[in-house]
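Number of protein chains: 4
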Amino acid sequence: MLELDFHPTGHHFLQIPGPSPVPDRILRAMSMPTIDHRGPEFGALGLRVLKGVAEVFQTKHPVVIYPASGTGAWEAALANTMSAGDDVLMYETGHFAALWHRMATRLGLRAERIGLPGVEGWRRGVQAHLIEERLAADREHAIKAVCVVHNETSTGATSDILAVRRAIDAAKHPALLMVDSISGLASAEYRHDEWGADVTIAGSQKGLMLPPGISFNALSPRAIEASRFAKLPKSFWAWDEMMEANRTGYFPYTPATNLLYGLAESCDMLLDDTHGGLAGAFARHRRWGEAVRAAVAAWGLETQCVEPQSHSPVLTGVVMPPGVDADRVRKLIHERFDLSLGTGLGKVKGRMFRIGHLGNCNDLTLVAALGGCEMGLKLAGVKLAASGVQAAMAHFAEHPLPLHAGAAPRRAASE
Amino acid sequence: MLELDFHPTGHHFLQIPGPSPVPDRILRAMSMPTIDHRGPEFGALGLRVLKGVAEVFQTKHPVVIYPASGTGAWEAALANTMSAGDDVLMYETGHFAALWHRMATRLGLRAERIGLPGVEGWRRGVQAHLIEERLAADREHAIKAVCVVHNETSTGATSDILAVRRAIDAAKHPALLMVDSISGLASAEYRHDEWGADVTIAGSQKGLMLPPGISFNALSPRAIEASRFAKLPKSFWAWDEMMEANRTGYFPYTPATNLLYGLAESCDMLLDDTHGGLAGAFARHRRWGEAVRAAVAAWGLETQCVEPQSHSPVLTGVVMPPGVDADRVRKLIHERFDLSLGTGLGKVKGRMFRIGHLGNCNDLTLVAALGGCEMGLKLAGVKLAASGVQAAMAHFAEHPLPLHAGAAPRRAASE
Amino acid sequence: MLELDFHPTGHHFLQIPGPSPVPDRILRAMSMPTIDHRGPEFGALGLRVLKGVAEVFQTKHPVVIYPASGTGAWEAALANTMSAGDDVLMYETGHFAALWHRMATRLGLRAERIGLPGVEGWRRGVQAHLIEERLAADREHAIKAVCVVHNETSTGATSDILAVRRAIDAAKHPALLMVDSISGLASAEYRHDEWGADVTIAGSQKGLMLPPGISFNALSPRAIEASRFAKLPKSFWAWDEMMEANRTGYFPYTPATNLLYGLAESCDMLLDDTHGGLAGAFARHRRWGEAVRAAVAAWGLETQCVEPQSHSPVLTGVVMPPGVDADRVRKLIHERFDLSLGTGLGKVKGRMFRIGHLGNCNDLTLVAALGGCEMGLKLAGVKLAASGVQAAMAHFAEHPLPLHAGAAPRRAASE
Amino acid sequence: MLELDFHPTGHHFLQIPGPSPVPDRILRAMSMPTIDHRGPEFGALGLRVLKGVAEVFQTKHPVVIYPASGTGAWEAALANTMSAGDDVLMYETGHFAALWHRMATRLGLRAERIGLPGVEGWRRGVQAHLIEERLAADREHAIKAVCVVHNETSTGATSDILAVRRAIDAAKHPALLMVDSISGLASAEYRHDEWGADVTIAGSQKGLMLPPGISFNALSPRAIEASRFAKLPKSFWAWDEMMEANRTGYFPYTPATNLLYGLAESCDMLLDDTHGGLAGAFARHRRWGEAVRAAVAAWGLETQCVEPQSHSPVLTGVVMPPGVDADRVRKLIHERFDLSLGTGLGKVKGRMFRIGHLGNCNDLTLVAALGGCEMGLKLAGVKLAASGVQAAMAHFAEHPLPLHAGAAPRRAASE
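Residue numbers (our numbering), protein chains in the order written: chain A, 6 to 420; chain B, 6 to 420; chain C, 6 to 420; chain D, 6 to 420.
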């Protein structure tokens with residue numbers, strides 16, 4: 006068997022903003038034997054996960070589950086709704102927004118970038134008024150879709166999706182609203198129906214706490230209507246056959262059965278009232294983000310995101326002082342302390358690293374992760390103003406988790 | 006946790022032609038913690054599985070691994086090599102060949118079906134001379150690709166791929182040869198390079214003994230060259246970025262890490278000399294197929310495949326006598342004996358069922374499966390000429406597994 | 006990691022009368038992280054398994070769980086109730102009864118063997134009248150305990166425990182009734198309270214479907230009373246501290262926590278009404294035993310047990326014709342067909358082999374096991390009168406599992 | 006399935022001095038199917054684990070493996086070497102030494118306690134000169150054994166076993182030296198042969214990183230010789246049959262097969278040269294202990310052990326200031342921070358808690374554990390002089406793990 010024992014003993018701290026650590030409960034669920042995906046047991050499984058994941062998206066409309074990773078779900082959103090040469094407006098908040106823009110171009114769309122210039126745009130959420138202005142100028146309604154990233158994984162900035170919807174509406178523009186919430190779903194509050202998203206894209210390996218391998222498109226009736234006329238070639242990604250087969254809990258082609266076992270478990274965990282349900286999950290992530298930012302502030306370092314209202318509850322980008330190579334710091338931390346941190350991507354490569362605080366996480370795990378960062382930064386010669394670990398511990402101690410978010414440990418194993 | 010205990014106790018016999026039963030060794034490997042797919046451990050994993058799977062395809066050229074199920078790999082083969090409106094010649098050997106044709110049409114290709122008429126074509130392998138004749142008639146070389154299915158999962162007929170290559174060459178035609186070996190790879194002999202395939206498509210959930218969720222395109226230099234000029238939009242499926250990233254063992258977007266753990270284990274198992282390596286695996290499957298066909302013959306029933314040289318080593322289609330609903334028989338067997346058999350698909354729905362004999366299988370498992378069929382057929386009122394179980398046991402007893410195929414049990418646990 | 010791949014592929018058929026195959030559900034449960042056995046979660050676990058296992062013993066009185074294998078529970082039963090030099094009457098039904106006798110002697114007791122002479126006693130259950138006669142002769146009540154084996158694992162004979170209780174009562178004798186139901190519990194009907202057992206000994210690796218490692222003493226008020234005066238030295242095995250700590254679900258020393266996780270799952274499975282609860286389990290085992298005996302009869306071979314009312318539902322001993330070495334047959338079957346059968350023990354070594362049909366078993370698994378035996382016997386040159394596999398299949402087909410024993414497959418995964 | 010989700014998400018920090026966290030590698034190994042313990046694969050397994058564990062004990066003599074928890078191995082050591090009424094000298098270093106004394110008394114031995122008076126003796130290792138003096142006074146050599154605890158789990162004091170051996174020799178006394186290294190083995194340096202121990206007792210759930218359920222007696226030729234004349238009744242614990250069966254890798258009664266799978270994996274991990282082998286493991290534990298003691302000193306609190314040379318590398322006892330209930334602090338920490346600490350036992354109940362730092366541990370895990378303690382102590386109103394977390398981090402940063410102890414991460418997954 007493969008050996009993954011790079012370090013001698015103990016728990017590896019995987020604090021990247023996804024893939025996030027998979028709970029043992031989910032790994033166990035995924036180890037159940039693969040069943041016949043056309044047999045009688047499968048339909049029950051399919052209906053269960055389709056219902057569960059719709060609750061997580063907070064939607065009453067169909068959610069399509071692909072046996073493919075998140076990048077595929079980006080392609081699916083475009084392939085089902087667009088035709089060759091269509092205009093799409095893509096707001097650049099960071100590296101993943103830029104990659105999505107690149108994909109749209111490769112697929113033959115006229116993808117227009119919008120956003121603040123240079124690195125500045127990578128330190129903030131979407132500025133909805135820019136979208137409103139651009140759409141208002143598009144008198145002929147050539148723009149078919151507005152694409153935004155809910156939680157920009159490369160920077161740690163979360164955007165106000167409801168504000169984007171209002172901007173589109175204020176411009177009285179019919180463009181579809183497509184949202185990448187790959188790293189936001191199930192960690193940062195998200196309301197597909199209420200916020201008026203037409204397609205929301207998500208993946209398994211972030212807030213859902215699964216290994217990578219399945220991904221999602223949550224749909225709106227307008228998106229479904231648009232898919233009837235869109236002309237980009239599509240077959241594997243086609244919504245129509247998926248929605249048809251899903252009615253009875255089945256899929257038009259072989260699904261990723263074992264990941265669906267994991268998804269059933271993940272939904273059970275996220276929707277479990279004992280720990281506050283979805284609201285509890287959101288509260289936990291907010292609090293983790295606050296503590297990590299308290300640490301960064303204590304160190305005297307900057308966070309990549311500079312807009313107070315846009316700080317991500319999922320990850321925090323930590324900017325290095327001039328002259329410090331962030332990747333050298335990360336490498337030192339990985340080798341000395343068995344802690345994986347996220348690298349800086351694209352425009353900010355080498356200038357920052359990212360601390361993931363999502364999914365199957367808790368206070369002490371973050372104390373450990375911040376401890377690893379603090380020791381590593383010092384060993385790398387970075388001058389720190391004060392102890393970030395102390396600041397985070399003070400935050401945790403002074404801000405107990407609200408009751409509804411799982412503060413009251415349940416009597417486990419007792420029923 | 007999800008409960009999969011449809012039946013009270015014991016091992017469920019999953020004898021469909023895929024997904025095939027996943028060995029515990031692979032389930033355990035897949036339960037290792039997901040790692041950072043941009044970290045130092047991952048590159049070593051990536052190089053290892055890319056090398057291993059190329060050995061299984063018997064190719065020296067690149068193999069692309071998608072974090073998507075097999076249907077996606079069909080789409081990838083076409084999207085990377087074709088342009089809108091291109092002609093492709095698709096030989097129909099059964100339901101999956103027909104589905105691939107349907108996909109090609111949805112993707113905007115001019116997909117021409119070829120093959121024997123009616124159900125007759127579904128009882129044989131590819132008739133290579135028909136391809137040669139058709140290509141010879143295509144003077145302008147409008148046809149860009151010939152698409153065939155190596156092992157037709159819906160019928161149990163295996164085609165002679167080398168004969169198809171020779172037919173194309175005999176016609177002096179430049180069309181690419183695309184082969185679906187989704188249910189053939191690692192069970193039925195297959196030589197990507199030697200047989201001159203340009204793209205071979207495969208999936209994880211058959212002979213590789215993994216859960217569904219990853220799939221493959223094995224390439225030829227000509228296919229790679231064609232991909233530089235093909236114009237179908239492609240991004241997720243694009244070979245170029247994959248091949249580039251794969252050089253160091255990484256992937257351009259998030260891979261299905263835990264399935265790659267399983268793939269490393271699967272390659273170790275298949276290539277293990279102690280059990281005869283790939284040749285051993287092929288010999289085991291051939292022998293299982295012979296025993297199952299001996300059983301069907303003893304029952305006095307017909308196999309779906311009627312060409313002696315085309316009988317599949319992977320699965321056997323069993324044709325019901327007139328008036329017997331194959332799906333009613335399957336349902337009775339599932340409920341009474343905890344045995345899953347494959348349903349008849351498309352043109353032969355209700356007329357036949359399929360027994361899978363692939364992957365993590367052995368003699369006694371097939372004795373059990375044939376026992377379940379025999380009891381179920383009798384309970385369903387089907388008159389049987391003799392005992393198929395006896396015939397299969399006679400075959401197994403009289404034909405010990407050749408030494409190179411794993412006949413000599415190794416001293417396990419001893420080193 | 007250790008490799009257990011003696012054979013190239015497929016499921017190993019472990020058809021020995023214990024350890025029995027462990028269901029994946031239980032292996033998964035056992036893979037949960039070990040917890041603090043003095044922490045708040047543990048007490049709930051402890052109470053749950055103590056309650057569950059008492060239901061399986063059908064007792065209202067305490068059951069003691071040892072972190073030790075079954076042989077230890079034999080010692081515990083004696084160490085808690087006896088004093089050096091005490092007389093105990095031990096009925097020899099086979100090898101395990103003989104081993105228990107040997108242990109009693111080693112512990113300093115005057116252990117008297119009783120039973121039919123020679124091998125004859127190893128082909129029947131306990132003859133209760135012999136016990137009655139012996140006790141009646143013991144006017145001074147020197148005999149402190151009568152020890153019998155409920156299901157003799159070495160022969161396949163089950164004894165009538167209620168008859169033994171009645172024999173003791175008929176003799177108006179105060180001896181304790183100690184019963185080894187190591188291989189009987191949860192497979193063969195057993196009623197600790199109703200049948201008047203004073204101590205029942207059991208282990209984890211048979212009908213409870215767990216790996217070996219924990220074992221049990223079910224107690225009666227009289228046994229507890231006796232333990233207050235017994236003088237054999239005891240500490241690890243002492244009931245008093247166990248019963249005291251168990252009141253709150255804890256243990257006086259470190260318990261085998263992960264096996265207790267498995268026990269919780271095992272009790273859930275056995276007591277699950279959907280599959281008929283305990284009565285369902287007993288019915289399944291009876292039916293399996295009938296089918297296996299039908300096979301042995303068809304082969305023209307003898308079963309080791311010759312008393313119709315004593316045939317074990319757990320295992321069947323198959324006697325070889327003169328001149329055939331049973332262990333050579335077993336070895337051939339193991340190497341050729343990946344099937345483990347039980348060896349003949351003690352007086353019958355080499356003369357018989359044992360087929361286990363217990364726990365996590367089902368009809369097709371037994372068809373496979375009988376198929377392996379039939380092929381192996383023929384290859385070993387044993388002349389068989391007819392096909393045992395056919396006979397067993399006829400039995401299974403004609404005798405559907407009663408509804409209450411799990412015949413109606415439940416809609417799994419659906420809630 | 007049982008639910009162990011007392012807290013909403015994340016990794017539970019089990020920092021008690023055993024059971025210690027079980028590595029996933031070992032849990033996976035333990036999930037392999039139980040095999041026939043009389044079959045050909047088992048002998049190879051048995052020989053492998055018997056060899057491996059002897060290397061861990063650093064002995065050339067037999068090691069007996071019991072399918073029972075550590076308390077049983079205490080009993081085994083006495084039952085095999087002593088006769089009723091024999092004198093044994095038991096040095097009291099803490100609660101576990103006291104429990105062993107209690108067991109000896111229950112087994113009918115004349116167990117004499119020796120040690121410093123009151124709680125003072127619970128803050129130090131064995132004072133070997135006291136043993137020498139006592140033995141010198143025993144002119145008739147009535148004392149048959151000297152019993153000491155190598156690493157006292159209740160206090161965090163490690164004793165100098167070689168000094169005890171020298172004391173016995175200096176007194177020219179023939180008493181056997183029996184050592185409980187249940188919580189020391191594989192974490193604190195231990196040399197069974199070189200230090201002249203006659204019986205060393207150990208368990209699985211500490212440095213060996215297994216769940217509880219198997220335990221050990223390492224023997225010397227003198228102990229084996231003594232067992233031939235010892236008269237305490239013994240059967241389950243008897244060495245003679247064990248040693249006989251072990252010669253071929255088998256056991257006289259059913260072993261705890263799945264824990265033996267785990268033991269094979271554990272020995273592979275501990276003896277792996279890449280991470281420094283046993284010496285590496287000892288160095289890791291020493292360094293962890295130093296860091297934890299640095300934290301306690303920074304807090305301005307006392308450790309329970311007050312002898313510099315006796316500080317345990319396995320656990321640290323932290324003494325509460327007067328008036329603070331240690332168990333209330335532990336409970337608060339468990340509920341708020343998902344961290345399990347060891348309770349004070351016996352004489353020091355409520356006065357101290359214990360931090361385990363053993364087995365599958367690493368630097369960041371201890372930073373987390375110390376962080377949880379620090380937050381919890383403050384929340385409980387304990388005044389701390391300074392940050393213990395900072396002190397521990399300073400220690401870790403300034404004292405990199407020596408190369409031979411696993412400092413150089415290996416290129417995993419690469420071969």
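Note that these hints are calculated values from the structure, not bench results.
Cβ atoms here follow ideal geometry from the backbone N, Cα and C, with glycine treated the same way.
One or more of the hints may lead you astray.
In the SDA-like style, the derived pairs of lysine to any residue whose C-alpha atoms are separated by at most 25 Å in a straight line are [as the list claims (entries may be wrong)]:
| id | chain 1 | residue 1 | chain 2 | residue 2 |
| --- | --- | --- | --- | --- |
| 1 | C | Lys-65 | C | Pro-326 |
| 2 | B | Lys-56 | B | Gly-282 |
| 3 | A | Lys-383 | D | His-400 |
| 4 | C | Lys-56 | D | Ala-175 |
| 5 | B | Lys-354 | B | Arg-118 |
| 6 | D | Lys-236 | D | Gly-90 |
| 7 | A | Lys-336 | B | Glu-249 |
| 8 | D | Lys-354 | C | Arg-227 |
| 9 | A | Lys-177 | A | Leu-121 |
| 10 | A | Lys-336 | B | Asn-251 |
| 11 | B | Lys-354 | A | Pro-45 |
| 12 | D | Lys-177 | D | Arg-233 |
| 13 | D | Lys-352 | C | Met-248 |
| 14 | A | Lys-383 | D | Pro-405 |
| 15 | B | Lys-388 | C | Ala-391 |
| 16 | D | Lys-383 | C | Arg-252 |
Estimated spans, in silico, between C-beta atoms of each pair [to be verified]:
| id | chain 1 | residue 1 | chain 2 | residue 2 | range |
| --- | --- | --- | --- | --- | --- |
| 17 | D | Lys-56 | C | Gly-351 | 28 to 34 Å |
| 18 | A | Leu-283 | C | Pro-405 | 44 to 50 Å |
| 19 | D | Lys-388 | A | Asp-198 | 50 to 56 Å |
| 20 | B | Leu-384 | C | Asp-278 | 22 to 28 Å |
| 21 | A | Asp-245 | B | Leu-135 | 31 to 37 Å |
| 22 | C | Pro-407 | B | Gly-305 | 57 to 63 Å |
| 23 | C | Pro-405 | A | Ala-250 | 46 to 52 Å |
Hints, verified against the model:
1. For the suggested pair Lys-65/C and Pro-326/C, the alpha carbons sit about 47 Å apart, so the restraint of at most 25 Å is broken.
2. Taking the CA atoms of Lys-56/B and Gly-282/B, the gap is near 15 Å; set against the 25 Å cutoff, the hint holds.
3. Pair hint Lys-383/A plus His-400/D holds up; C-alpha atoms about 13 Å apart against a cutoff of 25 Å.
4. In summary, the hint linking Lys-56/C to Ala-175/D is not supported, as the alpha carbons are separated by about 55 Å, beyond the 25 Å threshold.
5. Taking the CA atoms of Lys-354/B and Arg-118/B, the gap is about 21 Å. The hint holds against a cut of 25 Å.
6. Note on Lys-236/D and Gly-90/D: the hinted pairing holds, with a Cα-Cα distance of about 10 Å set against a maximum of 25 Å.
7. Simply put, Lys-336/A and Glu-249/B have alpha-carbon atoms about 24 Å apart, close enough for the 25 Å limit, and the pair holds.
8. At roughly 37 Å between alpha-carbon atoms, Lys-354/D and Arg-227/C are farther apart than 25 Å, so this suggested pair is violated.
9. A hinted pair counts as satisfied when its Cα atoms are at most 25 Å apart, and Lys-177/A with Leu-121/A qualifies at roughly 23 Å.
10. Of the supplied pair hints, the one linking Lys-336/A and Asn-251/B holds, its CA atoms being roughly 22 Å apart against a limit of 25 Å.
11. Between Lys-354/B and Pro-45/A the CA atoms are separated by roughly 17 Å; this keeps the pair inside 25 Å, and the hint holds.
12. As the CA atoms of Lys-177/D and Arg-233/D are separated by approximately 23 Å, the hinted pair is consistent with the 25 Å bound.
13. Between Lys-352/D and Met-248/C the CA atoms are separated by roughly 24 Å; this keeps the pair inside 25 Å, and the hint holds.
14. As the CA atoms of Lys-383/A and Pro-405/D are separated by approximately 14 Å, the hinted pair is consistent with the 25 Å bound.
15. As the CA atoms of Lys-388/B and Ala-391/C are separated by approximately 21 Å, the hinted pair is consistent with the 25 Å bound.
16. Annotation: proposed proximity of Lys-383/D to Arg-252/C is violated, straight-line Cα distance about 35 Å (limit 25 Å).
17. Between Lys-56/D and Gly-351/C the beta carbon distance is about 30 Å. The supplied range of 28 to 34 Å therefore holds.
18. Evaluation of the 44 to 50 Å hint for Leu-283/A and Pro-405/C yields a pass: the beta carbon distance comes to about 46 Å.
19. Checked against the hint of 50 to 56 Å, the pair Lys-388/D and Asp-198/A passes, with Cβ atoms roughly 53 Å apart.
20. A beta carbon spacing of about 27 Å between Leu-384/B and Asp-278/C agrees with the range 22 to 28 Å that was offered as a hint.
21. For the hinted restraint 31 to 37 Å between Asp-245/A and Leu-135/B, the CB-CB distance of approximately 33 Å keeps it satisfied.
22. For Pro-407/C and Gly-305/B, the hinted distance range of 57 to 63 Å is not satisfied, since their beta carbons lie about 33 Å from each other.
23. In this structure the supplied range 46 to 52 Å is violated for Pro-405/C paired with Ala-250/A, their Cβ-Cβ distance being about 34 Å.
When the structure is compared with the earlier hints, violations turn up for hints 1, 4, 8, 16, 22 and 23 and for no others.
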